[in-house]
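Residue numbers (this note's numbering), protein chains in the order written: chain A, 1 to 388; chain B, 389 to 776; chain C, 777 to 1164; chain D, 1165 to 1552.
Keep in mind that the hints were calculated from the coordinates and are not lab data.
Any given hint might turn out to be false.
[What the hints assert, rightly or not] Calculated pairs, BS3-like style, for lysine-lysine (alpha carbon to alpha carbon, straight line, at most 25 Å): (1) Lys-1259(D) to Lys-1319(D); (2) Lys-1497(D) to Lys-483(B); (3) Lys-1109(C) to Lys-1316(D); (4) Lys-871(C) to Lys-296(A); (5) Lys-1457(D) to Lys-1497(D); (6) Lys-1259(D) to Lys-1109(C); (7) Lys-1316(D) to Lys-543(B); (8) Lys-1507(D) to Lys-1110(C).
Protein chains: 4
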Amino acid sequence: MPMIRNRVFEIVEAGAKETLLSRGFDIFMMGLILTNVVVVVTETVESHAARYEAFFYAFEVFSVAVFTVEYGLRIWSCVEDPRRRYIHPVTGRLKYAVSPLAVIDLLAFLPFYFSVFIDVDLRFLRVFRLLRILKLTRYSGAIETLGNVFRKESKPLFAAITIMMSILVLLSGVMFFLEKDAQPEAFGSIPHAMWWGMATLTTVGYGDVVPITTLGKMVGAFVTLLGLGMFALPAAILASGFAQEVKRRDFTVTWNLVARVPLFSRLTAIEISEIAELLRLQTAMPGETVIRKGDKEDSLFFILVGQVEVGLDSGPVVLERGEYFGELGILYKKPRMVTVTAKSSCQFLVLDAEDFNLLLAQHPDLHEEVMRVAAQRIEGEGIAGENV
Amino acid sequence: MPMIRNRVFEIVEAGAKETLLSRGFDIFMMGLILTNVVVVVTETVESHAARYEAFFYAFEVFSVAVFTVEYGLRIWSCVEDPRRRYIHPVTGRLKYAVSPLAVIDLLAFLPFYFSVFIDVDLRFLRVFRLLRILKLTRYSGAIETLGNVFRKESKPLFAAITIMMSILVLLSGVMFFLEKDAQPEAFGSIPHAMWWGMATLTTVGYGDVVPITTLGKMVGAFVTLLGLGMFALPAAILASGFAQEVKRRDFTVTWNLVARVPLFSRLTAIEISEIAELLRLQTAMPGETVIRKGDKEDSLFFILVGQVEVGLDSGPVVLERGEYFGELGILYKKPRMVTVTAKSSCQFLVLDAEDFNLLLAQHPDLHEEVMRVAAQRIEGEGIAGENV
Amino acid sequence: MPMIRNRVFEIVEAGAKETLLSRGFDIFMMGLILTNVVVVVTETVESHAARYEAFFYAFEVFSVAVFTVEYGLRIWSCVEDPRRRYIHPVTGRLKYAVSPLAVIDLLAFLPFYFSVFIDVDLRFLRVFRLLRILKLTRYSGAIETLGNVFRKESKPLFAAITIMMSILVLLSGVMFFLEKDAQPEAFGSIPHAMWWGMATLTTVGYGDVVPITTLGKMVGAFVTLLGLGMFALPAAILASGFAQEVKRRDFTVTWNLVARVPLFSRLTAIEISEIAELLRLQTAMPGETVIRKGDKEDSLFFILVGQVEVGLDSGPVVLERGEYFGELGILYKKPRMVTVTAKSSCQFLVLDAEDFNLLLAQHPDLHEEVMRVAAQRIEGEGIAGENV
Amino acid sequence: MPMIRNRVFEIVEAGAKETLLSRGFDIFMMGLILTNVVVVVTETVESHAARYEAFFYAFEVFSVAVFTVEYGLRIWSCVEDPRRRYIHPVTGRLKYAVSPLAVIDLLAFLPFYFSVFIDVDLRFLRVFRLLRILKLTRYSGAIETLGNVFRKESKPLFAAITIMMSILVLLSGVMFFLEKDAQPEAFGSIPHAMWWGMATLTTVGYGDVVPITTLGKMVGAFVTLLGLGMFALPAAILASGFAQEVKRRDFTVTWNLVARVPLFSRLTAIEISEIAELLRLQTAMPGETVIRKGDKEDSLFFILVGQVEVGLDSGPVVLERGEYFGELGILYKKPRMVTVTAKSSCQFLVLDAEDFNLLLAQHPDLHEEVMRVAAQRIEGEGIAGENV
């Protein structure tokens, strides 16, 4: 039983051990979520709603069934979490049930059951069903990243928002004072003026409300200019924070892996940091082609996990963990001359050709080592051009 | 008497010695200011104005009373300023009274007294009352930061604004020339054309004024494109300057604190600079939970001020200034196994788990020291997993 | 025959060996492509279409003829590619024919032949002819750069787009719920609401659809503010990635060239990296003036390829590969005193005066070497001011 | 005569030797130019035009007279240029006359003389008079900076513009195809569709032209999103380039000055580079107050040019070139205790308090030297708090 439960945990939990089955489950769930969103959106178009009503209902029942079973399996198997956070059969499961992701899962199907018993506004229900898009959080990591950005940049963000709100309130107050008599319907109160203020300061500029007095236009034009700069602040802070955060997540993962590459074993921690920034992670399923003969020689691959088969003319050669391939084309500036295929599930660190060249230039000892291996490989094969 | 005055100073002055009373006062004032803004904004909506008139008036009287007393206390106690800027009983107080923050305080209630005696336009008064939002300046620091940004980036900002104004004037002149005959009411003068120019160059684009001649559209489209780039300049300059300035303020504060952490005592000034960038400041009130059992092991805490209680199974252990906690979870990659509570008002320097790992990788001696302490802690406790 | 084919290859293939003929061909093709775009655009204006119909048709026939011949020549000569990617007479040519650039070339003229036999919607055809603008890809490299940016920044971009789409869907759902009854024609379905959502979140703000209920305006204003920050993310990611990528392409090219400059031969790889960032590549056709007497002394030139003639009063002096000129003006802060002309096709690395000064300050040995050469040059010429 | 001519040159030429007279002349000219722009703009408002006609004409005559005399003096005195670019009495002056700044000067008054003899369209003339704003170029340096940015960033800018134009043309073609039948007046030709395309892609979004077909809205929404990212590229490239360029101009000037400060004489070139980034240039006229007693101790001053008087209680002390002041307040964290006044025209390098503290932390030898001087100063004065 625990073995089955453990197996279920691995399948339903994204990020757990990667198997074909768990990957398939992830893809199925993502597809189902996206289809749900499309269906909810389409359903609101009356002409479609009428025509496909039966299909829409059937799909809804199917989705709710799947989401319910998925939720049940998650609650049942969460005690298998290898980080042992939910290990207790009762309190552990309760703790899991109130975690944000589990609550989102629950909200995805619970309203349906309510609607069966209670008479709820259908439109309200539809908006609720749109929340299913949040189930994607589990797979993309984007929202988690965004949360980190908000946390880390909270000080400048808060400062910027304070300034924005002050400008909005003051500017709207002034415009209310200036335009009220000329346009009592559009600037009749400060909240009305704030609607204009938001549309203007965000540069949306619907044009449904526009100052018409000369003084109103002057204040509008000049204060707005100042405001625009202020309203660009949070966007800029978020944007730079977001890009940094995404790169940093990658970086931390990569750094831990670079130290395992034998070629880099003699480098210092700081040099490893530098190289880690240049490398990116790539995976391949068994049978996937990593390098195709005739392609551009644009990168070098370090094998972290798994084995690859190099299709030399003299017969296939197997490379495995710790070895690298793809360097000959870069060193001798020729397109790929062999095809390399993954034999098992593989993970690679990939280095761009330009970065590889710079790296060799900066580390003469690396250069020497790489050239020595290249010489062996060419000799072993007999014809330089026929190597990787 | 001076002792009471000193006590009052500590309470009314944000940023002075942090006590429960002074923090409570700050929160009360911020709440009152925000409520005032909401009330002024709401009051302009006629339907509300009539219904809640009595309440609005009572609230206004109450606010003015509080602001008046606050102003009096500030003027009275400003001589206690520890930086001794306003030490003289008469000239010192006068000097304080003309400082920007004191003027804002005065403007917050003075118009009310005027309105009692003189007959002032009510709407004008309302806009004045909105200025109370500027009293928040004292608490947020955002406007001070913004001022620094304007000062530091004044050269590029001035250059950018010169270019923007030149483009606006020239473009409006050309559009006036091209569109005047076709739309005498919208482009009848250069100031009229400038209203279009501002709406276009800031990308607000209300659409109330649009060129209609072919030549006007062509010039509009092409010159606008150039102008857009120019109008993005000040926003970009402000945004990057603002983010830098906020981080720099943090940094300077942090730097001075890092040198006090015993673990970092053997590092050079440059290494301290590097670490200071990674740390952030965090405070806790007495009784606050700093780490909760079962949470993610995402950070390490250095105690700068105060004491914390570690809730070990074998009984509580107290850590104090100079010590750190939260490292075991990171080292052994396990969630928090104990709860840590602040015993007194605490200040911490917080280091993210990823940064901690990088730091250890780059400083082998730090790594050794941290591992030595960790070993002691585990041994002392007996069960590794049951430590912090 | 292969020699003619090789010659043709060099002419039609941008980026192959640069000769006057191949450069002329490139300019002719770019001009033809741009003229085509202008013609297609103009043709849709009815008044013009009628008047110039005959000319437009003739031009179309001419363009199609040129594009057809060009395509034929490319297919015929692609086997000469020095990277030997398409070396096989049949399969190599087929492989070339399915490469993206070749497909674009084919699409540029094929629809014309179809339209002769089949009756196609003329307007549809015109849009197809606009695709000819993609033929510029071959010459600008911009789209290739953009492709690289999308590939490298794919993770943050994908994360940002996930967030944007979620916000769009949820926001549109809420607005549909709030505005449906008030404006059944504008917010009658979620897809309708999404049209408003896109116009608002991208800050385009047409104003054709605007919320009118109080709640709709409030949600619109506040959620929009959040959305704006999110919609700025991909733009910011693309912009910074694009600028980096363009600079990086330059950098990689430059780096390889700096190592060849004799003056820098004693520098380490890291120092070369630093200098490479400061240099930019410049070319000159035979007879072109590189430095004009009396100009500002704003840069220093290293000759990578070709020869230049320095017009000294004592007669012309020839400098060639590996030598540099233009340093005397910078060292002695005087405007150019001689004119330097390219004798052959030249490539230079250009260093700005300010960077040159900083470089000398940071590398005393370089400074010494440069001063030694300067002294020789002045002595050789007799009058310091009359040198380059 | 040449002495008078030289004196005139110094007065009329911005950036030449700074005297009170030349500074006054600059301020007068800038004021006159700005007033001219205001007048031209105001004149187009019919109500004003009638009322102030006589004044406007008198002002125009006066301005033209001043601009003519100024132009004459510039042409006459340009031979005095210390860089000896225009030294020849005839060809030198001709060369100066065709330089961009001289052409702008000529265009500022020449049309007036033409209008006296020839009958020119008055509105056209007005637009020409607006060009006088370009005369500010001589004083602000902003346009020169912008020119440098365009030159340096020309590659990414050109690439971005190629992409933008391709997107605009293709998108407009598609929208023309989709919307032509539904809105023949708004999307009747590709140029018409391009007007929509520009308004949308720049996010101006007037709303005068909007797609109304479902397919048109879908293509509009999705392609627009892509386009927005592309249209942000040039703005971002310009903005970052502009900020860098402005800082770099400052930096180059500063770097050359830092080396002259005795305190920094023992630093290496790289350390000087680091410090140069932190310093900014500040000037003071004779009699100006540099530090006012009681101000915040926010910066340290190095004297580059001129003398200052320190108003100690024991009588004034004079500091001059190479010395620094303002460090005691920072070291002992007290507000300014003395007032420092410029005795002559002064130039300072200013270092912020935070940067000064960091600098001392990173350079123990500097710290020692600064503390030694501080000790002497305090001893000399007797009371620590009463020093600078």
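Evaluation of the provided hints:
Taking the CA atoms of Lys-1259(D) and Lys-1319(D), the gap is near 31 Å; set against the 25 Å cutoff, the hint is violated. Pair hint Lys-1497(D) plus Lys-483(B) holds up; C-alpha atoms about 21 Å apart against a cutoff of 25 Å. The hinted pair formed by Lys-1109(C) and Lys-1316(D) meets the criterion: a straight-line CA distance of about 22 Å does not exceed 25 Å. With a C-alpha separation of about 14 Å, the suggested pair Lys-871(C) and Lys-296(A) falls inside the 25 Å cut-off, and the hint holds.
For the given pair, Lys-1457(D) sits about 14 Å from Lys-1497(D) by alpha-carbon distance, which is consistent with the 25 Å threshold. Among the hinted pairs, Lys-1259(D) with Lys-1109(C) is consistent with the structure: their alpha-carbon atoms are about 20 Å apart, no more than 25 Å. Of the supplied pair hints, the one linking Lys-1316(D) and Lys-543(B) holds, its CA atoms being roughly 20 Å apart against a limit of 25 Å. For the suggested pair Lys-1507(D) and Lys-1110(C), the alpha carbons sit about 34 Å apart, so the restraint of at most 25 Å is broken.
In terms of the numbered hints stated before, the structure departs from hints 1 and 8, listed from lowest to highest.
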